[in-house]
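Below are the chains, spelled out letter by letter.
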Amino acid sequence: SQQGEEDPQALSIQEGENATMNCSYKTSINNLQWYRQNSGRGLVHLILIRSNEREKHSGRLRVTLDTSKKSSSLLITASRAADTASYFCAPGSGNTGKLIFGQGTTLQVKP
Amino acid sequence: DTAVSQTPKYLVTQMGNDKSIKCEQNLGHDTMYWYKQDSKKFLKIMFSYNNKELIINETVPNRFSPKSPDKAHLNLHINSLELGDSAVYFCASSQYGGSYNEQFFGPGTRLTVL
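In order, the protein sequence lines correspond to chains U and H.
In terms of our numbering, the first sequence opens at residue 1224 and continues consecutively.
In terms of our numbering, the second sequence opens at residue 597 and continues consecutively.
Some clues are possibly wrong.
[Stated by the list, open to error] Pulled a few chain U residues facing chain H out of the computed Cβ check, cut under 7 Å:
| no. | residue |
| --- | --- |
| 1 | Gly1265 |
| 2 | Leu1269 |
| 3 | Ala1301 |
| 4 | Ala1304 |
| 5 | Ala1305 |
| 6 | Thr1307 |
| 7 | Gln1326 |
No lab work stands behind these hints: they were computed from the structure.
Glycine residues also receive a C-beta, built at the ideal position from the N, C-alpha and C atoms.
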């Protein structure tokens, strides 16, 4: 098991701009998941990318995975105020479902 | 209908007390989890049960005891509460226990120990 480390810790942008968050991890993985947490709420699953995939899209979200650099990025295009939240990556390996979350990136989108 | 529910949402108690947090999921999932999120937002897994069987048991004080009466419920009992137990506790569930499975989180229980 291993922890994902998100970067930057905090990001503030204007509505309409793109937001990019990065995640690094240390050992080999089967997949990597991204979650969003709105203030005072539980985490919500956004997207899962498998280790044999390089890029995945879901609506305004684009996730990339570079296993050679042990890193992933989450791009939110045309951000909205409602995207204000913390974003967590969780590298996955093994078969227990154990996900190790980092501290997250706190994104603020100003209207 | 709420997929993963927790009660209570807020819990304020004195040091030394014993308290329980309840979790229920109506998704028909086999696996349930307890996480602790500290004030710096680090989210750490504590326990996981698959079909009422304990499969993940992280290094947590033995004052914390999970109990799964059936696969839809996973409760967390905490004895002799300490100040450092103050945190937000999240319950989650997934269809199966593997790392490929999306986890569904409850709304959290904010525990404050005075």
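We went through each hint and held it up to the structure:
1. Interface hint at Gly1265 of chain U: satisfied, since its Cβ lies 3 Å from the closest Cβ of chain H, which is below the 7 Å cut-off.
2. Violation of the interface hint for Leu1269 of chain U is found here, the shortest Cβ-Cβ separation to chain H being roughly 9 Å, above the 7 Å cut-off.
3. A hinted interface residue such as Ala1301 of chain U counts as satisfied when its beta carbon comes closer than 7 Å to some beta carbon of chain H; here the least separation is about 25 Å, so the hint is violated.
4. Hint status for Ala1304 of chain U: violated, given a least beta-carbon distance of 21 Å to chain H, over 7 Å.
5. Contact between Ala1305 of chain U and chain H, as hinted, is not supported at the beta carbon level, the nearest pair being about 18 Å apart and thus beyond 7 Å.
6. Given the 7 Å rule on beta carbons, the hint for Thr1307 of chain U is violated: about 15 Å separates it from the nearest Cβ of chain H.
7. Taken as an interface hint, Gln1326 of chain U checks out: its beta carbon lies about 5 Å from the nearest beta carbon of chain H, inside 7 Å.
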